[in-house]
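Following the hints, position chain B against chain A.
From first to last, the protein sequence lines are chains A and B. Take 1 as the starting number for the first sequence in the numbering used here and just add one per residue. Take 114 as the starting number for the second sequence in the numbering used here and just add one per residue.
Hints in this document: simulated from the structure, not taken from any laboratory. What you were told as hints is all true, and nothing was included just to trick you.
Subject to a maximum C-alpha distance of 35 angstroms in a straight line, what follows is the list of computed DSBU-like cross-link-like pairs (lysine-lysine):
id	chain 1	residue 1	chain 2	residue 2
1	A	K78	B	K214
2	A	K68	A	K24
3	B	K182	B	K214
4	A	K68	A	K78
5	A	K78	B	K116
6	B	K116	B	K214
7	B	K214	A	K24
8	B	K116	A	K24
9	A	K68	B	K214
10	A	K78	A	K24
11	B	K116	B	K182
12	A	K68	B	K116
What follows is each chain in one-letter form.
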Amino acid sequence: DAGVIQSPRHEVTEMGQEVTLRCKPISGHNSLFWYRQTMMRGLELLIYFNNNVPIDDSGMPEDRFSAKMPNASFSTLKIQPSEPRDSAVYFCASSPRRGGEQFFGPGTRLTVL
Amino acid sequence: DAKTTQPNSMESNEEEPVHLPCNHSTISGTDYIHWYRQLPSQGPEYVIHGLTSNVNNRMASLAIAEDRKSSTLILHRATLRDAAVYYCILREVRGDFGNEKLTFGTGTRLTIIP
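Isolated chain A, as found in the complex (with noise of 0.2 angstroms):
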């Protein structure tokens, strides 16, 4: 099993780009997690989806952030237009059934300049 798999693993940036985050779950978990992990803020949930729809956006930080989750295989984040504080690490994260353990990717490091 190869894990939740997130792309690119790295992402450098100018502000005002649009930045597109993209996560593979555990094949045969229903669950995907976004987070944002920052030195001042800790980590923290995005959004998450259940069976492919969204259900808690409430920690998405502002209209600049939206995720979509197509099928049970494949989810993005993305910000447009980007600005150096979301510079962070953005992790992934799926789970099997609803209240199970999750697994993490192994992150996104987003620096916007």
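Quick look at chain B alone, frame taken from chain A:
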């Protein structure tokens, strides 16, 4: 959300047991106690979880107080690879759909001394 309180940091000698405490005095009856850890430059990793009874798995043991207002994660024999930030988290389960949120605090940074 019910909150947890953990020491900011702890040290332990290699090959000795480690007891990581967590206070959660406002825990509700349906809150599970989860522990995750995050090794340097990696994503968090599930360690263990429980509701009322003590739990054991290959990684650790979880001791839950009778009133559930505190718990302790026990690493029976710490190795250098156990150096990480350990998070104690209450997971709320609400309604039919349930709320799967995990709210991470600042955790305890565990240092293992060779």
